[in-house]
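Same order as they appear, the protein sequences are chains P and Z.
Just so you know, we're using the working numbering here: the first sequence kicks off at 417 and counts up by one.
Just so you know, we're using the working numbering here: the second sequence kicks off at 65 and counts up by one.
If you are wondering where the hints come from, they were derived from the structure by calculation, not from laboratory data.
From the three backbone atoms N, C-alpha and C, an ideal C-beta is built for every residue, glycine too.
A couple of the hints might just be wrong.
Stated by the list, open to error - Quick look at which bits of chain Z chain P covers, simulated, 3 or more residues with Cβ under 8 Å:
no.	segment
1	473-480
2	704-715
Unchecked claim - SDA-like mimics (lysine to any residue), calculated; alpha carbons at most 25 Å apart, straight line:
no.	chain 1	residue 1	chain 2	residue 2
3	Z	K947	P	H691
4	Z	K855	P	A742
5	Z	K947	P	N723
6	P	K762	P	A742
7	Z	K855	P	Y749
8	Z	K789	P	T764
9	Z	K695	P	R573
10	Z	K854	P	V504
11	Z	K854	P	E766
12	Z	K947	P	G506
13	Z	K947	P	I498
14	Z	K594	Z	P551
15	Z	K695	P	F870
16	Z	K695	P	K869
17	P	K869	P	N723
18	Z	K164	Z	I811
19	Z	K854	P	H732
20	Z	K361	Z	L289
21	Z	K855	P	I850
22	Z	K768	P	L612
23	Z	K947	P	R573
24	Z	K768	P	G506
25	Z	K854	P	I687
26	P	K869	P	K762
27	Z	K947	P	I687
28	P	K762	Z	I811
29	Z	K789	P	T846
30	Z	K947	P	Y749
31	Z	K987	Z	L1037
32	Z	K789	P	E766
33	Z	K361	Z	K987
34	Z	K855	P	K869
35	P	K762	Z	L1037
36	Z	K855	P	H732
37	Z	K854	P	K762
38	Z	K854	P	K869
The residues making up each chain are set out below.
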Amino acid sequence: MSATTAAIPDDMQNVSGYMAEAMSPNEEPFREPLILGNPSMHDVSRKIIDIIEGKVTGKYLATLAVTATLAIWGIICTGYTIVTGIGVWGLNNPVAWGWDITDFVFWIGIGHAGTLISAILFLFRQKWRTAINRSAEAMTIFAVICALLMVLMHTGRPWFAYWLFPYPNQMLMWINFRSPLVWDVFAVNTYFTVSLLFWFTGLVPDFATARNMVKNSVAKKIYHFFSLGWTGSTRHWHIYELAYLIFAAISTPLVLSVHSVVSFDFATSVIPGWHTTIFPPYFVAGAIFSGFAMVMTLLIIAREILNLKDFITLKHLDNMSKIILATGMMVGYAYSMELFIAWYSKNTYEWATFYNRLTGDYAWAYWTMVSCNVISPQIFWFKKMRRTIPVMFIMSIFVNIGMWFERFTIIATSLHHDYLPSSWGYYSPTWVEISIFIGTFGIFLTLFLLFAKFVPMIAIAEIKGVMPNAQPHHHEESH
Amino acid sequence: MPSSVPSRKNYFKSSEIFLNPNAIKNTNGGEFESLPMNDEKSLFDNGVSRRSFMAVLSGSMALVAASCRRPDHKLVPYVKSVEYQIPGIPNYYTTVFQHKNAAHGLLIRSSDGHPTKIDGNDLHPISKGKSSAFAQATLVNLYDPDRMNRAKINGGDSTVNNALSHIKGAVLSSIQDGKSVRILIDEHCSPTFSKLISEIEGKFPLIKFVVLPSVFADGSAEAMLKTTGYDGEILPNLSLANTIVSVDNDFLGTDKFAVYHTANFSQNRKPEAGKAVMNMLIAAESTLTLTGANADKRMLLSPAETDAFVLGILKEIIAAKGSALIGSDVESAVANVQTTPNSQFAAKELLKAGDKAIVMVGAHRSVAANAAAYAINTLLGSIGSGKIIDPNAAIPNSNCKYPAVKELREELKAGKIGAVIFANTNPEYTADRELNNLLKKTPNRFSWSLYKDETASIASVYIPTTHYIETWGDAIAPGGIVSIQQPIIAPVNPTSQSVQELCLNLAKLLDETFLPEITGYYDYLRANYKSNFPDKQSWEKTLSDGIIAGLPASVSVNLSHSSAGLAQALGMKEEMKFDGLIGCVSLSYSLGDGYYSNNSWLLELADPITKMTWDNVAVMNSATAVLSNVKQGDIIAVAGNHGSVEVPAYILPGMADGVVGLALGFGRTSSGNVANGVGDSAYKLFGANESIGYYPIKVEKTGKISVLAATQNHNTIDDDREIIKETTLAELAANTENSSGIIELPISLVDNYTYKGHRWAMTIDLSACTGCNACVIACQSENNIPNVGKKDTANGREMHWLRMDRYFSRTSEGEESVEVSFQPMFCQHCENAPCENVCPVAATTHSPEGLNEMTYNRCVGTKYCLNNCPYKVRRFNWFNYHKHDAEPSNLLYNPDVTMRMRGVMEKCTFCVQRINHAKFHAKDQGRSQVVDGEVVTACQQACPASAIYFGNINDKTSKVVESRKTVRGYRVLEELNVRPSVTYLEKVRNREAKSEMSVHHG
């Protein structure tokens, strides 16, 4: 099979028909180009495959060493927790969820931008997504892996965590479908599976390109395996695009459902500060907000390190900044509405909880959240700021911090002062749970670095579709 | 063979055997015969093929490699059953706990031969079936692995016999030198031991027993002695009292008879709308005690004002009643006393109640105050047969303890003592430094003690003694009821002997002619009661009942006072002139005097007032703290005239200005791994002839800060959450509503579940509850609840299924005028439980009988249920807390309750094991329903206040249904529609006006 496909010039193979049709050449002059430098299609392939083929740089190795160390340290701390008990964390009686579930919700939230970019923006024909969707999707998968680790580890007996799945067993026990945690299991696993398949589907043509272009025979074999016998035939393209479209359609509701379901963990409870109907949209907005911030952080680094400035342009970053601004205001609205309703409801417990958030032991967390999530993104009203890399980078970090604190505020401050003052307490993390959280960053970044090195990190096929060359044009026009 | 026993049914394993009974003979007859295989061919049936040979060969080699079989050991079957012992069914035995000189009748559950739970004996007049947290927790000490299991001579291991002959030698040589031998014993109330003591003292004139209490409180007995000539105290019966004025008398807290007092006091604290009657407690004190916390009117006095306060009441009473009953000498003695609004108020209330009123002054306070109380009670008419203070209820061995110890001091100083034996006394820890130094100068020092304690370390010979549950003895209670103390288990440490046994054996060693017919203390005890119980049957009946019916030994005292003596006693006021801060040293609520301190149950039991565990604290109000420049948790050095202690500061409202409270019982250095180094010992503040009371102190910051392991933190809430509800008697009387006891459920979209059969529910009467913590330990003991240690308690990980919540409310009378309310809080077994629907694996579910059940095996440990519990009563096992239980402490646990591993959630089960026992029992008797009162939860059984009702609310005649038919009933957080099964009854304070509630807790 590879013999036949090898005959087709690699740069001709992957011109995406469907995507090319989606383009309207009339828009061209009014829009900023999505790819800078006007490269030829071969150049595009070469440049992206070169990341895979090129020599491993010292900078890359050093970064990998650091992230892998963090990941291993996190895994060691995870093992320590499993062996000793989650008592090594700082959780206690009123606050039985702390950093663990905060981290879980944080990572699930991070994942959302990937799905949004790959599915919803695809359906809305947002062409600018092509340069960033691959890495955003990869980020989704890695973030969900981290989230799954956190949710597994937070149980007292993780070796029995499989009981959360409905499977026939000798105990004749079925799971409790009334529990939002069961909904979580379904939501997150569906999300992970769909995201993985969607990502892989998009990768098939690019794996074929890699298969064709890499010199190393082992690598060639591996890419050959993953390219599933892709020949670039019209029939392949037809099936591929149909599949891609269907996946996009399946993934779209997931963007809304996963974080809505995660928010049900809190919204369906009876604890003041959790028991709120605003949570599903608020969580979804927050997830997209934090996800885009994380995409921004990673891509700003990647375009610097991997020299992808032509593909990931300021226009992309500008668009993402706008989304951050919009979703940031949505969460800001949610914060104020929560507060208003708590006051307006005249519910003693509800108001006490929110008053405690503003002024209590964890007020610092609340105000960190408000400053990072609501106040600081306002800077993106200015176009200049949306195009200044350092500003965007710092902002994206701020948003990530702010969104982590949002979850912490919701989880810990609601729990530490609930109904009976006699049971009130204070929670602070131990070095173990901090290490595990840092470890998840290590795992996330390590996987991302490996991804950047071994997988075409920009959708080659798709990006060719948004190049001027892919549009109908006269032969006289330069390639 | 089946054929030889025709009546027996034949059971067969497979149809093969059924069809062909001979087939069984063809098998190889091994124990585990394999069922016939499908091919029905043995491997070698048709000769050995090459393939099958290789298969068998390789299989054998694999087996040889894989199976390192353990050597065979024959199991010894349980063929000889113990009489009365059915495996799995616990037996109950009575015994008696001598808490100093207070006899406390106990009923002990013995599971498969080892005691697993202590409760009160309901036939005993003092315990009335109830028990204190302290008495229950002594079970831990029984199985304490830190108890020394060898006798020691000069630090080396020895046998008891060698050790005793060593002591004998020293005693003999002392006697030959003409020097005396003193045996220092603790307070006790055993008539047989008293008899043995007098026999030994009679036989050996130079040997004398001296009672050396850890804590002296002679004020009351001395006042009695001066006034009436009777050297001792009388136990008041508070069930007869309508008005109680308690002056620095913590009769509900640290008192030895607190269980008895609580039962009698709380009995009259359950008013209803129809019959709004209850007693009134007026407490005047300087520190916040449990008694003050339960008072209807609490008066904060500085320690120096106490005498004047009581004398002021006396003056008022004399003014109203005349002095005819007590003589005119007394009138002149109080002539110069200034009355205050407080004493006028107290006098007014006392006079209202007439002979149903009593003034109780702390036994550690001045003779004058105690004598004044006697005079007041005499004038009120509350002393006399059948009255509150009944001369028949004299407390045994309650005489003044100082004189004997003073004499000992003199003898020691004079060098008259040749040898001293510390018999379950620990002066190195409890006594003042002067006495310690004197004792250390004695040439021969021997220690007989439960633990190798501080005093054992200064003794040349140490012999371990038995725990009271392992010991034969007897005890007499006020009123003359005698109980036999029977051992429930053979000594866990076989080398240990009781102090009585050791005394007897030593005497017999010293002189063979001493009681030649007696071989052991049991013989001696039995002989002492021979006339009462000549035969085995009556003796066993006595042991089974736990009290000796029809044997009220005469303990009646003649209380005829002399006016002159009374007047003289009234002059014996305390010298209290303080320039600076005042240290108030009292017994610890949890640890008492510290004898049983090596006890994790007690150390982790939150102090009812401060909620502190695992530490001693210097308690002071915020004004005192500001004055001393001290903050909460600062470790401060509290220096008295004789020593200093380092403890963290704890800021508590309700303390008198300038008073710093310290508890005894902490700071053990040679007790065991649990208690050593926990807190600091306030005994160090005592000088010669000083004990609990008030001393001038200085406070200095050390610069160190302690993490306070309190189970409740300081938080102020200003909102209107109605968790504790309080009312006043006046309001209750004005209430004309009626309650059917039926709880109106809100409209629901789905049908409410109907409970057929049983439906369990509980009622807690907050008005009767005094916050004594007995239920907390009862629950811990019954349900195998682990302790978590100081660090985890500080982090809010205490495991108690039942916690005692404490709330403060301020009255309008000023900053320090606080009121305290207690609320036992545990799983409310909600009908609509928020924990149940969130568990992903259905590990917590609702039973058809209304219980919220926890299936530990199924629990994965998501902790979601805990988060979603509005009461936060679920407890998570953060670690494997039971993993490090050393033998024999594993015998402590109730075999009917599962031990929980780490990673699972647990909580109150309403003692489901007891419910099931009762249900099985009912089923055995052919009943489908349990009779009311058949199920008694552990907390209910222990509660001295009888504030807990439990039962089946489908049984409309049950007590628990009855208890809900009151306007006082409410359910905590009812508004969440979780429908708790626990009903709380509002706390009622006996007063006119509505209390101003601004609740906070701290």
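Against the structure, the hints come out as follows:
1. Counting residues of the segment 473-480 of chain Z whose CB lies closer than 8 Å to any CB of chain P gives 0, which falls below the minimum of 3, so the coverage claim is violated.
2. A stretch counts as covered by a chain when three or more of its residues have a beta carbon under 8 Å from one of that chain; for the segment 704-715 of chain Z and chain P the count is 0, and the coverage is violated.
3. Between the alpha carbons of Z:K947 and P:H691 the distance comes to roughly 38 Å, so the proposed pair goes past 25 Å and is violated.
4. For the suggested pair Z:K855 and P:A742, the alpha carbons sit about 46 Å apart, so the restraint of at most 25 Å is broken.
5. Of the supplied pair hints, the one linking Z:K947 and P:N723 is violated, its CA atoms being roughly 57 Å apart against a limit of 25 Å.
6. A hinted pair counts as satisfied when its Cα atoms are at most 25 Å apart, and P:K762 with P:A742 does not qualify at roughly 31 Å.
7. Distance hint between Z:K855 and P:Y749 is unfulfilled; the C-alpha atoms sit about 41 Å from each other, more than 25 Å.
8. Simply put, Z:K789 and P:T764 have alpha-carbon atoms about 16 Å apart, close enough for the 25 Å limit, and the pair holds.
9. Proposed proximity of Z:K695 and P:R573 is contradicted: the alpha carbons are some 41 Å apart, above 25 Å.
10. Using a Cα cut-off of 25 Å, the hinted pair Z:K854 and P:V504 holds, with the two alpha carbons roughly 15 Å apart.
11. Distance hint between Z:K854 and P:E766 is unfulfilled; the C-alpha atoms sit about 33 Å from each other, more than 25 Å.
12. Restraint check for Z:K947 and P:G506: satisfied, since their Cα atoms lie roughly 21 Å apart, inside the 25 Å limit.
13. The hinted pair formed by Z:K947 and P:I498 meets the criterion: a straight-line CA distance of about 16 Å does not exceed 25 Å.
14. For the proposed pair Z:K594 and Z:P551, the alpha carbon gap of about 19 Å is at most 25 Å, so the pair holds.
15. In summary, the hint linking Z:K695 to P:F870 is not supported, as the alpha carbons are separated by about 60 Å, beyond the 25 Å threshold.
16. Our distance criterion of 25 Å between C-alpha atoms is broken by Z:K695 and P:K869, whose separation comes to about 58 Å.
17. Between P:K869 and P:N723 the CA atoms are separated by roughly 13 Å; this keeps the pair inside 25 Å, and the hint holds.
18. Taken as a hint, the Z:K164 and Z:I811 pair is broken in the structure, with Cα atoms around 58 Å apart against an allowance of 25 Å.
19. The suggested pairing of Z:K854 with P:H732 is violated, with an alpha-carbon distance near 56 Å, which exceeds 25 Å.
20. About 31 Å separates the Cα atoms of Z:K361 and Z:L289, which puts this hinted pair outside 25 Å; it is violated.
21. Note on Z:K855 and P:I850: the hinted pairing holds, with a Cα-Cα distance of about 19 Å set against a maximum of 25 Å.
22. Pair hint Z:K768 plus P:L612 does not hold up; C-alpha atoms about 56 Å apart against a cutoff of 25 Å.
23. The straight-line distance between the Cα atoms of Z:K947 and P:R573 is roughly 16 Å, inside the 25 Å bound, and the hint therefore holds.
24. At roughly 23 Å between alpha-carbon atoms, Z:K768 and P:G506 fall within 25 Å of each other, so this suggested pair holds.
25. Restraint check for Z:K854 and P:I687: not satisfied, since their Cα atoms lie roughly 29 Å apart, outside the 25 Å limit.
26. Annotation: proposed proximity of P:K869 to P:K762 is violated, straight-line Cα distance about 56 Å (limit 25 Å).
27. For a cut-off of 25 Å, the pair hint linking Z:K947 to P:I687 is broken: about 34 Å separates their Cα positions.
28. A distance of roughly 22 Å separates the Cα atoms of P:K762 and Z:I811; the hinted pair therefore holds under the 25 Å criterion.
29. Distance check on the hinted pair: Z:K789 and P:T846 sit about 39 Å apart at the alpha-carbon level, beyond 25 Å; violated.
30. At roughly 51 Å between alpha-carbon atoms, Z:K947 and P:Y749 are farther apart than 25 Å, so this suggested pair is violated.
31. Annotation: proposed proximity of Z:K987 to Z:L1037 is violated, straight-line Cα distance about 37 Å (limit 25 Å).
32. Straight-line distance between C-alpha atoms of Z:K789 and P:E766 comes to about 21 Å, which keeps the hinted pair within the 25 Å bound.
33. At roughly 51 Å between alpha-carbon atoms, Z:K361 and Z:K987 are farther apart than 25 Å, so this suggested pair is violated.
34. Proximity of Z:K855 to P:K869 is assessed by CA-CA distance (about 47 Å); at most 25 Å being required, the pair is judged violated.
35. Simply put, P:K762 and Z:L1037 have alpha-carbon atoms about 16 Å apart, close enough for the 25 Å limit, and the pair holds.
36. Between the alpha carbons of Z:K855 and P:H732 the distance comes to roughly 52 Å, so the proposed pair goes past 25 Å and is violated.
37. For the hint pairing Z:K854 with P:K762, the CA-to-CA distance comes to about 40 Å; that exceeds 25 Å, so the pair is violated.
38. Note on Z:K854 and P:K869: the hinted pairing is violated, with a Cα-Cα distance of about 51 Å set against a maximum of 25 Å.
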